[in-house]
Each structure stands twice: as C-alpha cells, then as structure tokens.
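So the protein sequences, as listed, match chains A, B, C, D and E. The working numbering applies: residue 2 is where the first sequence begins, and numbers increase by one. The working numbering applies: residue -4 is where the second sequence begins, and numbers increase by one. The working numbering applies: residue 12 is where the third sequence begins, and numbers increase by one. The working numbering applies: residue 697 is where the fourth sequence begins, and numbers increase by one. The working numbering applies: residue -7 is where the fifth sequence begins, and numbers increase by one.
These are computed hints drawn from the structure, not numbers from a lab. Treat each hint with caution, since some may be false.
In the EDC-like style, the derived pairs of lysine to aspartate or glutamate whose C-alpha atoms are separated by at most 20 Å in a straight line are [what the hints assert, rightly or not]:
#1 Lys1072(D) <-> Asp114(B)
#2 Lys894(D) <-> Glu241(C)
#3 Lys205(C) <-> Glu258(C)
Partial list, computed: chain C residues near chain D (C-beta under 8 Å) [said to hold, decoys possible]:
#4 Gly106
#5 Tyr107
#6 Thr374
#7 Arg376
#8 Ile378
#9 Asn383
#10 Asn399
Quick reminder that beta carbons are idealized off the backbone N, C-alpha and C, glycines included.
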Amino acid sequence: MLNINSLNQYYRESHTLWDLQLSVPEGGCVCLMGRNGVGKTTLLKCIMGLIPVRSGEMLFDGVDLAPLKSEQRAELGIGFVPQGREIFPLLTVEENLKIGLRAARRHGIKKVPEHIFEIFPVLKQMLGRRGGDLSGGQQQQLAIGRALVLNPRLLILDEPTEGIQPNIVSEIGDVIIRLNKAKGIKTPLVKEAAEVKNEVREAIKIINREMGVTVLLVEQKLPFARKVADRFCILERGRSVASGGMDELDETKVKRYLTV
Amino acid sequence: MKSLFLGSLFFSNDKTANVVLFSLIALIVLVPLCNAIFPSASALHFSAYTVSLLGKYLTFALLGLSLDLVWGYCGILALGHGAFFALGGYSMGMYLMRQIGERGVYGDPVLPDFMVFLDWKELPWYWYGFDQFWFALPMVFLAPGVLAFVFGWLAFRSRVTGVYLSIITQALTYALMLAFFRNEMGFGGNNGLTDFKDILGFNIQSEAVRVALFMISGLALIGAFLLSRWISCTKLGRVVTAVRDHEARVRFLGYRVEMFKLWIFVFAAMLAGLAGALYVPQVGIINPSEFSPLNSLEIVVWVAIGGRGTLYGAIIGAMLVNYGKTVLTGLLPEIWLFTLGATFVLVTVFMPNGLAGLLLKKREEMHT
Amino acid sequence: MLCVRPGIALDESTAETAESQEVSEQQAETVLDPFADALARLISGSMKEREQASEQLSVTGHPEALPVLEALLDGRLYALRDKQTAVIATESGQGYRIAEASTGADLGLIERSDLSKVNITNSLRTKLRKKISLLQLQSDDASVRLSAVNAMVKTADAKTLELLKEYESTESDEDVLSSMRLIFALNDLQNNDKSVRLDAMDTLKEYNSLEAYNRLSVLVEKDSAGNFIEQDVEVRKKAQSALKKIEARLQFYNSVETMFFGLSLGAVLVLAAIGLAITFGVMGVINMAHGELMMLGAYTTYVMQQIMPNHIGLSVILAIPAAFMISALVGVAIERGIIRFLYGRPLETLLATFGISLFLQQTVRSIFSPLNRSVTTPEWMSGSWQINDFLSLTWNRFYIVLFCLLVFAALLQILKKTRLGLEVRAVAQNRNMAKAMGIPTARVDAMTFGLGSGIAGVAGVALSQITNVGPNLGQSYIVDSFMVVVFGGVGNLWGTLVAGFSLGIANKMLEPHAGAVLAKILVLVFIILFIQKRPRGLFPQKGRAAEA
Amino acid sequence: EDTIKVGVLHSLSGTMAISETTLKDTMLMLIEEQNKKGGLLGKKLEPVVVDPASNWPLFAEKARELLTKDKVAAIFGCWTSVSRKSVLPVVEELNGLLFYPVQYEGEESSKNVFYTGAAPNQQAIPAVDYLMSDFGAERWVLAGTDYVYPRTTNKILEAYLKAKGVDEKDIMINYTPFGHSDWQSIVSDIKKFGSAGKKTAVVSTINGDANIPFYKELGNQGVSAEDIPVVAFSVGEEELSGIDTKPLVGHLAAWNYFMSVDTTKNAAFIKQWHEFIKNPKRVTNDPMEAHYIGFNMWVKAVEKAGTTDPDAVQKAIIGVEAPNLTGGISKMLPNHHITKPVLIGEIQEDGQFLTVWQTNKLVPGDAWSDYLPESKPIIADWTPPIMCGNFNTETKKCSGQNY
Amino acid sequence: MNKPLMDRYKTFDFVRKPVKPGELDVSHKTILYLEDVSVSFDGFKALNNLSLYIDNGELRCLIGPNGAGKTTLMDVITGKTKPDSGSVFFGQTIDLLEMDEPAIAQAGICRKFQKPSVFENLSVFENLELAMKADKGAWPALFARLNGEHRDRIEEVLTTIGLTEHSAQQAGILSHGQKQWLEIGMLLMQEPKVMLVDEPVAGMTHQEIDRTAELLLSLQGKHSIVVVEHDMEFVRSIARKVTVLHEGSVLTEGTMDEVQNDPRVIQVYLGD
Ligand SMILES: Nc1ncnc2c1ncn2[C@@H]1O[C@H](COP(=O)(O)OP(=O)(O)OP(=O)(O)O)[C@@H](O)[C@H]1O
Ligand SMILES: Nc1ncnc2c1ncn2[C@@H]1O[C@H](COP(=O)(O)OP(=O)(O)OP(=O)(O)O)[C@@H](O)[C@H]1O
Ligand SMILES: NC(N)=O
Ligand SMILES: [Mg+2]
Ligand SMILES: [Mg+2]
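Bound-form chain A, shown alone (with noise of 0.2 Å):
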C-alpha cells in the first residue's frame, strides 16, 4: 500500500534521511523502530507531506504523493497520530474530532462516527472541554480518535502509547465486540482482548483487522511492537538498516540497533 524508495530528507544542511526504503502492504501492521533521533518522527512527518523531502519517491496506493500536499494526503486516506498528540488545545473535544470531518466527507461520513466513543469513551465525556485541558493521556486518546473520523486507510502512529494509561482492555473489548457485529465478522475477539494486558495495543490491532485499516507504527517498546505489529523496520542515523516479519526480529539485531 505504501511503498517508498531511496528517500533523502535534509533539515537545511544536515542530511536525515539516507536513501531510505519501506514498504507497507495492504492490511498490514509495520513498526519502524530504531533508537531517539535516528528520524522515525523525519519519516512520519516526510510521508504527511509535513516536511518537504530532497529526493526519492512515495507511493501511495500507486500514487506519487510527492506533489501532493498535506491535506490532499489526509483525503486519499492516510491519518495521522503524532509524536506528542498536536491537538487543538483551544477546540473542544468535539471540535477537534469534527476537524477530520472535511476529509471524511468523500467516504459520505458526516458526523464524527460513534464507533470513535466506543473504543474512547473518555471522549464522549469530555465532550466540551477544551482538548488543551485534558490530561496526557486523554490527548493522546482524542489523537487517534481523531485520525479514526476521516476514516484511513492508512494509520500513522507515532508512538502512541506514550503516556496512556494500561487498562482501558476491558471496556474497548465490548466495544469491539460491537463493532465487529456491526460489520457482520464474527471474529472471537472478546477472548483475544481478555488476554492482552495493553488497551491501545488492542485497540490498535482491532482497528487494524476490522476496519481494515493499515497501520505504520513508530514504538520503542519491543513487547508491544512484537505484539501488534507482523512487520519491522529499523532505522539507524537516517538508513533502514534492517527489516523483516516481525518473528524475525532476534536478540542480535536489537542488541545491535535498538540498544544504546
């Protein structure tokens, strides 16, 4: 689904991103990982057409997303949870969700879809406070919940379980389990969520099996990477240095590129 070749990205002279390569395929989970500073976030951000690249190609789907901007990404259907949330701190809750809407429309989406509640129902709560009042974790909820309104087909996390607490399983499971039924797949899930001790993981990985969503995660955390995601990809100093299905993902290569 998302295909990029021999990427470079500078920030004014300082070279970020080498020639780099990744690859997404449809329905598939695919952690970038890699240690601070080596351009996970760069990355991120170069696909969002946030930051503007030097060379190389990104294709999306098959389209080049290089002459596209920003907001012509989010339409195809990328969403975007970034590195420390970015919400609207003087919208509320619902304003910030109701942001996707206008992206959202070409999928006949009108209002912000109630499923977003079921997996978030902090939100439904706090409906009308104002985003930049929510604790760190709410935010980051309100993030992904907002990415979810415009629908994606892509999901780009940037470490999203930074600061969230780790519960929220048992009540997203119901959830599921509704939204599942809702879409006619009868997946036992409910064991599945029963057994996983991290909410968001969950929820990401259900995100990503039932709405068919494809998710490109950025996560430190080996446990939970190794848990949602089926793909890795590491980066070191700006390169992609190694990748592979994610059972691959052996001792050596953390010791050599995840440690400091």
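Given the coordinates of chain A, work out where chains B, C, D and E with the ligands should sit on it, guided by the hints.
Structure of chains B, C, D and E with the ligands alone, referenced to chain A:
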C-alpha cells in the same frame, strides 16, 4: 583575562557586527576630521546639513538598538518605545528652552514664550531645575526610566504578555501623545518646544556644536552597542532569550522573569531617552507627534528590516530606512510611499531575518 | 489699526435699499399681477429685493406661492439662464427636471448649466421659514401643521398668536393642539394677571420643552445686584417647582442621550474592530492594513454614489455588498500574495501589513487625489428622530448601531455555524496538524482573511456616513481597533462587542466632565490598568493551553 | 546654472497631504506660468518639490536640504504652525526665504518668513463683528482643535468679546484633539448652550479632518445655520468638496478669498487652475490665493532687486504690491504680513460660498495682537531703524532674534 | 491509614524545633505535605480532597488513570495552579501556597514536565547552564561567569544524559526522546531537594528506560523524588512505595505488589 575580556568586547565572533562597529568608529572619526581639514568648498567636506543628518541617523540607530534589546532579545514587542525617546527629548528640550532665557520673543526671563502668550503667570513646578544641565542630564535617563519602571513593574508582575503587552504599550504612548498635545500640560502643546538657542553656552546652530553633537551621538551609540552586546553575552542575556522562548518554563527554574524583563526594559528605555536627548538639539524641535503610535511602529520597522535580535541589525536598519526616507522624499516626493511600502513587504517576505540575516546567509554561502 | 468697517454689506446700505424700493415701485406700476412681479424680482433682484419679493409672495394668496417659497428655502428654485423664467428643479438621471414656478407646469429635462440658482442667505431663510410656517398652518396634513406650529414656539409674536387662536378652533389633531397650547401658555407667562401666570406654569411643567424650561428659568434668576428679577414670591416658588419637575425629566433624557452616544460610539468601535477580531484575533495576523481596508470600503461607497447619483439611498445599501467584495478581494490578494509566506512569524506580519497600508494609502491618493471625497447621506439616514425637545437620536448613528449588531450577529453565525469557523481556529492553533487532518489551509486562510477584510470594508461603508472619506481614514481607526480587540480578549468575538460598547459608553460618560481629550486619555489609562488586572482582556481564553 | 530654483515644501503624504498637495500643485502652476512669461531675470524657474510627509522634524530637515543642497532662492511651504516653527530656525540660520500661505495665530515675525495668510485680525475679529452686528449673537461657543492657532485665536476672541461686554458665562470654550471624529456630545452641548434663549453663534477653529464629522453631526442633530450659525476659519472650498454640503447650507466661513468671488482675475486664475490640474471640478481656495500673491510679490521683489539674494529680496519686497484675486492690490508690509480683504461667506449647496459681507478696504495683517496683554506693546518692523520682528515699544528692546 | 498521626497541625508547637522561617525543616522526616487539596476547573474536580506525604529522600511512584490528576498535583506543588482549598507545605515550615513559581523552584522543588519543554533557541549546553543551581537574581546573572567547576558539572550531566555530542546544538532540533533526556539533565543541574518527574520515559527505548531507572535509583536518598509513569515495567523496576491516584484523590498506597493486587487498582487502572 581582563584584556581578553576587553578584546572580546570589541571583537565578537560575528564578523558583521565587527564591521558595523568599526564603520561607526570610522565615521565618528572621519566626519569631524574632514570637517576640520577640508575647506567648506571641498567635496570631502561634510556640510552642516550632512553632519546633522548623520547625527540624526545615529540617534535613530540608538533608538533602534534600544528597541532591539526589548524586542529582539526579550521578545517584548513594544509598540510604544517612542514614548521613552520623546521623554528623553522633552527633558533635553526643557533644558534648551530654559537656556533661551530673556531672548524669547516676549523677553520673559523665566517663562518660555508659549507660556507667556497663554497667560501663564509662573513656571509649573515640573519645570524647576531644568535650567541646570546637571539636573536635565539625569532627567534624560530618569524620566523614561521611571516611566518604564512603573509601567514594566505593573505589567510584568501581572504577567501581561504578547499582544496584550504590545497594545498597552501603544496605549501608553497614545495617551502620552494626547496628554502632551494638551496645552494645559505645560509642554507647549502641539508646537512642542522649539526655537532653541544654546546648549551649555554654545550656539546650537554653530558648526562646531553640530559636529560635537554628532560625535557624542556616535559615541553614545557605540557605547550602548558594546554595553548591550556585553549584556546579551552574559547569563542574563541567555535567561532573557529563554524567556522569549518559553517564559513559564523559566519561572520553574527559579528565575524571577518579571525582574529580568523589567531591568532590560528600563535599560532600553533609558537608552531611548538618551537617543531622544541627542536628537532634539540636532533637529531643533520636540513635539508630541514623537509620541504618536505610528512613530513607535516605525522603530519596529527599522529593527525588523535590519534584522532583530542582532543589535547591529537594528543599527543598519535604522540608518538605512531613514537614509532611504531622506533620499526618496526628495527624489520621488509623490510616490516614495510606494517604494517604502514595497520595501517593507519585500524585506519581510524575502529576508525573514532582515538584512542581518541576509548578510549572515551570504557569509555562510561563501564559506560552503 | 483695525479697519474693519462694513463695506458692501448687503442690508446696511441705505442708499441701495432706497434705490431698490424705487425700482420696485416702477415695476408695480407696469406689472399688474403681483405674483408674477414678485416672482420676477425674486430671481433677478439683489438679496434685499429678494427679501421683499418673498414677503410680497407670501401675501398674494396665490396657490403656487407656498411651493415657490418652499423651493426657495430648499434651494430648488432656479432661473433659466436665457429667459428669465423662475423654475423649480429636481435632480434626475440625466439633468434637472424643471417645472415652471408660476404654474407648476412640467417643462421637461434640462442641463444644470442652463440654470442659475436663486441663492438665499440665512436672514432670508429665517424669514422664509416663518412665512412658510404660517402658510403651512392651512395644510391638510396634520404632521405639516404640527411642524409649522412647533417652528413657532420660540418666535411667536402677538400677530402669530392671534392667528393661532384663530386656527385653534378648527384644529382637530391632538398633537397640534397640544403644541398650540404650549405657545399660549408661554405667552400667558407674561400675562399681567397672576392667576393666569400660575395656571400657565401648571401647563408648562408637563411639557418637555426647552423653551418652557428657559422661560421658567428666567423667573427664578437674579440680576447682577443679587435681587430676583421676578418680584412675586409665589410665582417664583411655583416656577421653581415646575422647573424641578421638568429638570427631573431633562436629567433622565440626558442620561438616555449619553447612553445612546456611548452606544453609537461603541458601535463604530466595534465595527472598526470586528474585522480585526478575525484577522488578528483568530488568525494572529497583526494586520496594520486593516484601517486601509476600511478605507477601501468607504471609497467603494463613494464610487457607488458616483455610479448612481440619483439613488443615493440605494447606492449606500448596494455599497455594503460591493465594499465587502472589494475589500475581501484585496484581502485575499494580500493574504495570497504576502501573508501566506509569513505564517509562523506573526510579528513579521506587522511589518508587511504596515508596508501594505502605506501602499494602499498612496494608491488611493494617486487615484482619488489626497482630498476627502464627499459621500452623501441618504435622506432616511440624515437628521434625527426627535422624540421630544430634550431627546433626539440621530438617524445615522441609530442605523449604525443596528448595522453593527447585524454584522456582529452574521459574523458570529459564520464562525459558529459553518465549517470555516472551526477550521480557521484549528489552522491558527496548529497549522501543520490542520493540514495533516485534511484541511486545505491555504483556502481557509484566504477565505478567513477575506472575510475579515470584507467586514472591514463593510465597516468602511458605515464610517463613510459619519466621517471623512479620505486617504487617512484608516489611520485614525487602527489604534482604537487594536485596543478594542485586545481589551475584549483576543480571539473572542463577544469580547470585542462588549469591549467596544463599554469603551464607547465610558468615553461618553467621561466626556462631559473631563472634556474630549482628557476623557480619551482616561479611557486609555483605564485600559492599561485593566489589563494589569486581567492580563488577557475582558474575556480571556482560558485553560492550560492559553496559560502556557 | 541657468535656472533659479524654487523650493516647494508641502506634505504630499501623511495627515496634512489632504490640504497641502493642492498648494504644491498651485506652486507648480505659478512657476510654469512664470516660465511661460519668460522666467525671472532671464532665467527659468525650476521647482524643487520635496515631501516632508506631515512630519515636523522632517520639515526642518527638508528645508535645510532645499537651502543647502538645492540652493533654492525661496521656499514656498508649510501649512501647520508647528511645521513653520520647525522650519523657522533653519531658514533663519541659512538666511533663506519662506512664504507661508496659511492663516495662523500671529505672534511671530521673522526676518526670513513672509506671512501671506491671514493674521487673526484679518479673519477672526471681522467674523465675530459680523455675527454680532448682523446676526445679533449674544452667546458664543469657541470650538477648536487643541493647538496653538485655535488657542491663540480664541484667547484673542475671548478678550475681544469681553471687551464688547459679553459675559463670561455666555462664552463656552471647547477643545478637541486632532482628527476628533465623535462629535455627538459636543454638538449636543452646543445645542443645549444655544437653546438658553439668547442668540448663539459658534466660532470654529476646528482643524482639517475633524470638520467633516463635526458638520455631519451638526446637520444630523438639526443645528441649522438659522438657529446657531457656525463661522469657521479653517473650512474652505477644498474642505467642503469632501462634505455632503446639504446640511451645512447657511453656515459661514471667514476668509480673504472665495472661489465664488466675481472678478476677472479670479476667473482667469480658476481657468488656469482647471487647465493645469486637468480637472474642471477642482476648486480653488484661500491658501492658494495666498501663494498666488506671495509668489507674485517675490517675483516682483526679485525683479526689483535684480537678484535672488535673500538679503536684497528681503529689502526689496517690503512695500511691493501685487494684485489679489478679489479685486484689490495687496501689499507686503514691513512686518512681513500683507494687506488683505476680509470676506464672510455663507456655504451654499454646491460647496461654494456666497459672500455676505466684505471689508471695503484691505486689512493690514497684524503680527502681534493688540488683544493680548503680552503682545500689545510688541511690533514688527523690518525696515530701519527698527529692523526687528518683535520690538517692544515700551522697553525699546528687540528680543528673540536668531540671526 | 496513619494520617492523623502525621498531620502537621497535630504536632504541638513546643515539640517542633525552632526554625528560621523559610528554612526547610524536615525534622519530621516528611518533606512534602499535601492536605485536603482540592482543585476544580469550571466545576470539574481535578483534585478532590487529596492528601499526600512524601518522605525526605524517598522515591515515590505515582500512578493512576489518565486524568486522575497527577499532573495537576505537580502543578499545585510547583505553584502553577492554586488549589481551591487545602494546604501544601514544604517541610514543616514553608507554606508553598504563599509562594510563586520562582520562589518554589529556588526553595528546591524542581520539575520535569510531561511534555518536554526545553528552550528551543538555546543550545543544549546553555539549557543546562540556565538550569544550574546558582543565584537566580537578575543582577548576579549579569556578572555570573562559568568557572571550571561549573563546566565540569555540565559536562558530567551531558554525559549522563548522552547528549555530549549535541552540546552545541540548538535544543529545538532535538528529537523527542533527546528532549526528554535534556529535561532530565536540567533537573539534575538544579540539584533540587524534591524532584517531580512527570512521565520521564515516554518515547524512550527499552534500554534508555533502564538507564533512566538506574539514574533515578541512584538519586534517591540524596533527593526526594516523585515519579509519574504509566510504564508499569519501569515503575516496577524503581518503585519502593507506590501511590495510586484516582479521580483526584488517593485510591491506595503501598508497595508495588500490594498495589498491583489491589482489586480497585486493577479495575480502574491496570485491567486484568
Ligand atoms: N527541525 C529540525 N531541524 C534540524 N534537525 C532536526 C529537526 N527536527 C529533528 N532534527 C534532527 O533530526 C534527527 C531525527 O529526528 P526525529 O525527530 O526524526 O527522531 P526520532 O527518530 O523520531 O526520535 P525519537 O524517538 O526521540 O522521537 C534528530 O537528530 C534531530 O536532532
Ligand atoms: N485548566 C484546566 N481546565 C479544565 N480541566 C482541566 C485543566 N487542567 C486539567 N484539567 C482536567 O483535570 C483532570 C486531571 O488532569 P491531569 O493532567 O492532572 O491528569 P493526569 O493524571 O496527569 O493524567 P495523564 O496521566 O493522562 O497525564 C483531567 O481530566 C483534565 O481534563
Ligand atoms: N496655521 C494653522 N492654521 O495651523
Ligand atoms: Mg520521534
Ligand atoms: Mg499528566
């Protein structure tokens, strides 16, 4: 260590700053020299017109510099900085006014002319002492300094920031303008103070006095520049820069942000006052339009054009814009505003960091 | 030293008067019809003669006399250049439509240059008005009679009184009768019979009449020696109490008036500031060209009036959308051409827009000349709504207050109810994230800036009705506009509204005590101090984000 | 080289451009015409136009530039008093010539300045006289913009009115800031002041931009010229051309010239102006006439002196006569002011004035008002033996000269 | 709970050691007292009669659901938010509610923010320099010079936080994780008595998390530390005593094991 320190005072790492500094030094040496050596017919002679023009630019540069301290370093977009300039100017103007003495048109030994014909019987108390230079001189610093202190103390302590601060500084200068326009205030109303005759016993129109005023302005500018640069290099300078970035965070490090802002603000106000005091004898008039919000806005424009946060940028900006104004109002009297307006627009769009930024970029390009 | 002597004074030279009388006698011999004769002298004679002619006209009893006198008073009486015929002209599309003054017959259209106007002076005007009032007493229209009677309140002499007494019996309209009674009561105040005077006072104290107030005041005044002018204690006492009653009402109406003045000043401030509340308050662009965008709106009104000089009222109405469009287009051009390079550098927008403002000013100077342009006030916006002698509200201000509220409501709806309102705030708060969420930031910016600029243009239309339409128009409002937006709290439309009105009212409450200059200074000082108390204006943006 | 340079120092931008631009054009027209007549002393005249941008210190700078860089023979310029005050030390220092064309407050006479506009005795006092005798005004509102000209004029008028027996409480004085635009309260006060039974007139020294909203408010609040006439000293044809004059008809102005004055000189001048400015709708006004007179006087003086040397011209110009546009011959007096007729006109609907009163002789401008105690003993006389702009006849001293 | 015994007001005056006002007195081993603190925003109670005591030198972990009020609690301690009611004391004698942010910071309570906030236009080095414990007045700042000792201290911290290479770089261009480290570094530079650390390991790799844990452990004893984190592994690795906040008040307090097995904590926070 000491000499090294002095050396670093004059030579900074920024080459452009050094160039500006040494051009200034050259200017204040050359102009009087040429004036003394060459006869007035010679092409190398600076006429009184040029000298006082340059002197005026220097005072504007000093004013720009003082704003850059507040704006460029402290991040306070002061839209009322002209008020301090004008107060310094009025302090000087009052001294010069009192120097007229009996030579006024009504020949009153004490009262300035405008008071005589508005039927004032005695000198208002706030005019006392201004016949003495030793009193007027500290007032040049005190009047703007005290105003800046009171205003800043109130505003910074209440954490008025951003546009709110900008606009109330504008309100301040606007209110002062209206107040000084009032004839009841005793500062000559709209006409202000004018018709000066001597300064420290010397004829204010004589060429020697002009040259001297020019040199003093130059020295004041250089002194202020070095002092400001020194401040910006100290830890205080860095705290102030940090305040500009993220004021609240600085508080959590234990710094009393309001005090840092206040002292810079007061210092800058005093520099502006000095600029005003040097400006007045050179142009021969001070009136309330110096308080007009538009004038203060212009100072901001000089600094922005020069490049804010560099100090020398403010100097370049002030000199160039005013030189441009002098030339264009003579050359293209009917359309110079188009040119000026367009320059402002183009500079902002194409030179985000002003001329200083452009110079820096050019230098970087040359290096790579 | 001074040699100011009346020279060719128009009504002092006795020689001239004698001469003209002679002339008129000659004319009287030859011309038998006094109406035609008076008309002829009206258009040809000297000012003195014109006065006599109008006098003569008013007593002819001719049916056309009143229309002619009215036309003379209103400046619609002309003479044909070639033939000395008096005509009454009204402006119409291509030229002037004229009617023969003596018959009222329509003579068709004519060029302005073929007409010469019959000028009158103040003294003649005063006399005319008196005469017309007398003639108007016979009008069928009660409102005409009412205004005629009202015009006589101040100046009624014995002759007029007689006439009025005559008409009283036939008058049926209550208002007219009431005004007549006022005149009689005022007259009775001078009566020799004390009881009549006391009765008159009883009547007068119920009237909201300045004349009654003045006449009663005289009764309680002292002369320079400190003695009462009025000898009778009882009369004085009664006058005192009557005055008290009137004064109480006067006070009330005065405070209503002050309130209205404050509101209308406030409305102007709000109108001037409200566009800025968008470009500055919401988008964060320190738009120094805002004033010039208003100026463009005002000039649009002027141009509209040039295009349709015969439909002044309509042109003002049409100027509203036109000004909106023009200012909005200029705004969009500014945004697309310049501002968009400056997002993220809000302070720089100040510099660029300052440049633009200089540019626009000079452009207008070049196109329209540096002079002020004359914008005509439509009939329905001129004059005032005379509620009584103590209170009248000027129509233009009244409409501007209404207009201001309308514009405000419309804007509020746009920002609250449309996507644009939401999106523009999102863009202002986090441009990159807004983009990533699929908002076409470029379009939103352009539309928002256009909207703010358009509103400025609309404000300009309103301003054209009360102030100069010239290149400096913008400059005189920009500082106040910023003040209002900031005082209200940046980013809060309601704040702007409340701030504008409260500053307006504060100013107008202070003005009578402190004078215009000091009132303004006090208001500024108040703003400075107020911001110390509330560093984010009247309606601050609250919450964690705003504090950081 | 072979031209004589003439400096034109009028604001073309900023707040004063509205008034001064016309004067710049007038000067260009006068110079062009003089050149058509063959120039001056056999040389062409060359105008040097600069823009002091309504900025008072810039006036001084530009004056210095004109005198030292361009070496102009004379400067025609300034409008506001403060601009003149700013230029004054410069022309005195460099011994230039300045022709100042606007009515002003008086209390000044410089060796280097020629005041071709009206002094207070040439405008204010006659106007008050007229209202007193003709309209019968007993109560007076003196409304002005808060600066020297209105302040001084009102002081003079106040003294004058009191001398005529007007009571203190029958005089209301009101000052407003420059560009004041909200006149509601003041007009309402005037209305109230004027409704107290006595005939009331307003003497307006309101400046420039503030006039339009003032008159609009007058009109809307129904203050008619018949009830409370306003006589203005700063509202001329040019100002009226920017106002919807309908509600103003009948209000008055006192000037030394009206465009409507019916003389052949004036007709020719108007025609010339229309041709020069290429707009038949443009009006002429009093300061334009002042420049017309001043320029012609300067030309005559230069011809008389045979040189443009300032000292020679200063000497030559005193006593020089030049026709004004109202049918008289104005003369440059030893106090550097000129003789002018005083006209009072009523505003007509077409924005013109109908002259209702006129002095039968020209009134000589008085530099130092006789109605102010401090300036009463002072006279100006630039001929020997006095040769001074402020000579105190009591102390026999000459004070405040800078040359 | 043993709250009444610890209540500051229950201690008789004469029992207390006489201290100079304003001087930190930890004679009762407790360095921070929060008693009955309530904070509400537009009617929403972010903190609800919360009482909490931190011992001198202890390392305390604070956990709780998103929105429980952990950050708000830190806001109250550092003077950013004024509570509606309750009292906050630093040691026995210093009433924090009467002090503003700089005064509290100078008294020795420093904080790392949840969202990393560093001075983006200053270099990493300068960020640390500003944070350094020193006289923070304007006048001393004007004449302050860095001596060798200071430099060594900064170098040391730079090494600790692994930003030695980036020393001269502008802080604004650091990555998220690097900013986290820098902020920890700034905290170290201040040498505070109490450190409030809000989510220090967000955005860090596994190994970095371990290093942070080590660092915090090495600091305890010298400093009193309050850590807020959602990463349970991290919390487990450092925790001695854990306090669980829920809906603005303390839900439970105890060792990691106690807390982990508390059914209420499982229900509101950990999940099964
Ligand atoms: N605006 C910028 N200008 C210059 N350099 C930058 C800028 N933003 C980031 N960098 C540098 O680019 C490198 C990559 O940063 P990036 O934010 O992509 O890292 P990351 O992999 O997301 O790290 P983390 O895991 O800490 O979030 C870092 O070294 C950072 O210092
Ligand atoms: N200024 C404010 N206005 C309104 N509500 C606020 C404000 N500040 C905090 N809140 C609310 O108070 C509650 C507590 O917030 P706080 O940030 O303290 O939570 P937290 O425990 O730090 O959560 P997290 O772990 O997600 O960071 C939240 O529900 C938040 O929405
Ligand atoms: N001289 C004047 N009118 O300012
Ligand atoms: Mg990152
Ligand atoms: Mg938190």
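* To do: Taking the numbered hints from earlier one at a time, note which ones the structure violates and give those numbers from smallest to largest.
  => Violated: hints 3, 4, 5, 6, 8, 10.
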